[in-house]
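Engineer: Sequence:
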Amino acid sequence: MSHSADKVIQNLSIDCVVFGYENSILEVLLIKRKVSPEEGKWALPGGFILQDENIDDSALRILEETSNVKNIYLEQVHTFGKVERYPGRRVITISYFALINPDKHTLKPGSETKEVKWYPVKNLPEMPFDHLEILETALKTLRQLVRHKPVGFELLPSKFTLTQLQSLYESIYDLKFDKRNFRKRILSMKLL
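Positions 129 to 320 (the working numbering) are the ones given, in order, by the sequence shown.
One or more hints might be untrue.
[Unchecked claim] Result set (DMTMM-like, lysine to aspartate or glutamate): computed pairs, CA atoms no more than 25 Å apart in a straight line:
#, residue 1, residue 2
1, Lys-242, Glu-298
2, Lys-268, Glu-150
3, Lys-169, Glu-192
4, Lys-236, Glu-193
5, Lys-169, Glu-254
It is worth saying that the hints were derived from the structure and are not from the lab. It should be emphasised that the depicted structure is a prediction, and the values quoted were computed from it without experimental measurement.
Generate coordinates for the entire structure from the input sequences, incorporating the hints supplied.
Structural biologist: Here you go:
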């Protein structure tokens, strides 16, 4: 849905990094841009904040309008404000991230989106602006969170094995873990 220019804050945007986990692969949700600048490039779902909405509501609206992903928990990650990050003018973006089960969401392009697709984090297309930096910052945040919290359990079946949990963590860290040490660490965290 397109919003009139007088309702949009032209120099403040939101970019969402939505991670999914499928077939033992960590993926990220990308949209193909239908508008300039960078039309036709794969990018993070993003857009501008409206004058009359709070930032968290803006993130949820933008994600739904660009990809049809809705009713999820988004967490604010970082603010990006390099002077040259957006062509033609100064734009500051606030990034959010989420970790969702792709099977629970039906993707659909929005009015300013050509396509919506999951991409493996290890096999990304070229992205515009500073979207790779935004994604890497969100991934770093995710890796810090899973060290101390049961993040990602919602991506697994209600009953899962330690092998399935280890596979999830290995995809997040892009590392192989020793099975015995991983189990000892998880059990010591008293998450299960």
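Engineer: So, for every hint listed, does it hold in this structure?
Structural biologist: Right, here's what the structure says about each hint:
1. Lys-242 to Glu-298: 32 Å, violated
2. Lys-268 to Glu-150: Roughly 20 Å separates the two Cα atoms, so the pair holds.
3. Lys-169 to Glu-192: Since the Cα atoms of Lys-169 and Glu-192 sit roughly 19 Å apart, the hinted pair holds (cutoff 25 Å).
4. Lys-236 to Glu-193: 9 Å, holds
5. Lys-169 to Glu-254: 7 Å, holds
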